[in-house]
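The listed protein sequences correspond, in order, to chains B and R. Residues 7 to 415, numbered by our numbering, are exactly what the first sequence covers, in order. Residues 41 to 404, numbered by our numbering, are exactly what the second sequence covers, in order.
Do not rely on the hints blindly, as some may be mistaken.
[To be verified] For each label pair, taking beta carbons as the anchor points, the in silico distance ranges come out as:
#1 R:GLU151 <-> B:ARG368: 34 to 42 Å
#2 B:ARG338 <-> R:GLU305: 54 to 62 Å
#3 B:ALA305 <-> R:GLN195: 33 to 41 Å
#4 R:VAL238 <-> B:ILE40: 34 to 42 Å
#5 R:PRO218 <-> B:GLU414: 46 to 54 Å
[As the list claims (entries may be wrong)] Listed next, the stretches of chain B that the computed footprint assigns to chain R, with coverage defined by at least 3 CB atoms under 8 Å from CB atoms of chain R:
#6 17-26
#7 36-49
#8 193-202
#9 240-254
To be clear, the hints were calculated from the coordinates, so they are not data collected in a lab. Cβ atoms here follow ideal geometry from the backbone N, Cα and C, with glycine treated the same way.
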Amino acid sequence: MTGERGLEGLAAARLWAATRFPYLATGVFGAQVIPEAGSGTVSVDESWRMRADPELTAAWTPAQLGSVLIHHVCHLLRTHGERAQGVGVRPDEARLWVRAADAEINDDLVPAGLDLPGRPVLPRDLRAEDGLLAEQYFDGLRRARQTESGREGGERIRSVPSESGETAGSWLDCGSGADGMPRPGQEPGGLPSWQADLLRRQVAQDVMAHAKQPGTVPAGLLRWAREVLAPKVNWRALLAAELRRAVAEVSGAVDYSYRRPSRRSAVTGPVVLPALRRPVPEVAVVCDTSGSMTDDLLAMVLAEVEGLLRALGLARQVRVLACDTAVAPAQRVSSARQVQLVGGGGTNMGAGIDAAAALRPRPAVTVVLTDGYTPWPAGPPKGMRVVVGLLGDHAPDAPPWARAVRVEP
Amino acid sequence: MSASNPAVEALGVAVAARVPVLLWGAPGTGKTSAIRAMAGAMGLPCETVIASIREPSDFAGLPIVVGDEVRFAPPAWARRLAEAGQGLLFLDELSTAPPAVQAALLRVVLERAVGDLTLPDAVAVVAAANPPEQAADGWDLSAPLANRLCHLAWQTDPRSVADGLAAGWAAPVVPVLPDGWQAEEILSRGLVAAFLHVRPALACAPPSDAASAGRGWPSPRTWEMAARLMAASGASGTGDEARSALIRGAVGDGAGVEFLAWLVEMDLPDPEQVLADPASFRLPERGDRAYAALAAIAAAVAADPTPERWTAGWQVLGLAADAAPDVAAVAARVLARCRPDGVALPAEIHLFAPVLRDAGLLSS
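Could you build the full structure based on these sequences and the hints that come with them?
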């Protein structure tokens, strides 16, 4: 907490912020504030250091400075700098990204009492609805800019001017903590990234603790805290891992065979050693085509499965079965686009699994893609591994003998 | 590259402590060259074994009939390391090794046993692997093998690549651990044990899904590993970031982060002790820690507001008011609300009047 004395009114501003937004107090006090004369802005870097121009902040009330602190802490909590790199924000788009990031923060904090100087960027300034992510706002802005520059040859995005003619959020450079662009002359130091992670978790825990009294914490912030404490697992990675494991277990059933002698026999004299042979698994995919399934999601997951199997070198072995209560004949396909999904009545995945087990050569791995509203066989099919992809938000659980992955778009 | 990159620093500590370590990184990012350069800088022989093109018998020993018994002959690389008495065993392409070979590697990694031969204790085991989603024919590591290794993410930053191309690659520095560094292990084991008392569920938590099975996960073995790595990083004066990477690499991200957060909390003063002796209170340097400490003290008073505790609480806030008036004022508001009957207002309350007035909080 060095160097903070130089900024007039900081203590009152932080006290205002910590009182009005008690669930963010840890974050507000965790950021280091450094006065920097002549910068003309209040900016923040990714190491939780804020640089404030005393001349600018002198004109603000404690509530306004406190609100700017809260706003900047939210940039850090929501890792806007890192996310900007994830989206591939180019330097000339940095301002657009910051507007999108501002909108993500402000949409629920301004109604909760944030008193920012100037006019804060709100989603409606970007012609978007509340409660989206910065990436979504940015996508809209980027597209608007492209069509705009195509039509007029102009560079700037036109935004909705306020009554006073002032453009929302145009007064501030939020710094590298908001847009991820390195600034010249930024010395190393500040909070190391792993401590910043711990701080972020602590704030998320504070938010969850305050949320026990309903109506105290804005919904968007609560969503953020849940995501930090229990990150949503990417179903693509999970499905890939389950599929790899099923295939690996089958092909890992390596056995010794005397059909081909070991290449090491030369050194063992009269002893004939067996060689290892590795089975190449056959894979079947059973698709639920009952009326309750949505085709788009099914096609997306099917394409994903196909890509995974191709990566494992198994694409040619795949057979696809469309199944409702009856099973359509197996189609051997080389691309997800060739699959014809017939059916559309009631659901019984048991029939589909039986049909897969009856295929010759017998598949060693069966992937079932369903919405879960189906009867299941009581036990696992003999000698076959089953990976179930449960599609949709409210799919019931799969039976315990199958490996299940929830696919939530 | 060495000091700025925590993964490199962490690698050095793990090698110095002789804890088996696994580097995860995209192909072509210099894992192999860094490890070979490190061995060269240490003057140690380095044996590179590419696991994916080996058979299980290369690690379990090749059966040879000698007289009327079967011996499991170790391959030449194991012999060379055993004769040198020290060195680096580098297992490359671990994730593309078929499951049967991974099974054969279990004893090599942890016990350094290759067939009938046991490698000397001074041999360090280092492995490298590509994440399964990047290697076309990759498998996830089996959970037992993953549990024997400290997992480090190998990241390259563009600047060190540019420097390396222009000026040659700097070898990772392996710190020399002072004699008797193992004594610190008792301390770090104590910390781990105290943490596991609070969170017994994390003592052993095998991963439930296939994706996290191939990374570090908490088990008695990995907690022991984490304690050893903590001691080694303490003895070698490693940065906090590398230490955090080592702990998370051993027991996995989830358990590791909880343990680190618990360590940070351990640094905070105990509210009851402070209330018993307010003059002993030292305000933590960092703002969020100061806030956590003062909030805990105010909460302790509010939970049992006797006149003595209430007055002691104000004394603590008086000590903090100069360095951090805003942080102390937040706690002061909590204390003001739980004033015991018949106790006079403390003198310290006046310290907070200006800042409370500025923030517009005094009128209410």
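How the hints compare with the structure:
1. R:GLU151 <-> B:ARG368: 34 to 42 Å: At roughly 40 Å between Cβ atoms, B:ARG368 and R:GLU151 fall inside 34 to 42 Å, so the hint holds.
2. B:ARG338 <-> R:GLU305: 54 to 62 Å: holds (59 Å)
3. B:ALA305 <-> R:GLN195: 33 to 41 Å: holds (35 Å)
4. R:VAL238 <-> B:ILE40: 34 to 42 Å: holds (37 Å)
5. R:PRO218 <-> B:GLU414: 46 to 54 Å: holds (52 Å)
6. 17-26: holds (count 8)
7. 36-49: holds (count 3)
8. 193-202: Since 4 is at least three, the answer is holds.
9. 240-254: holds (count 8)
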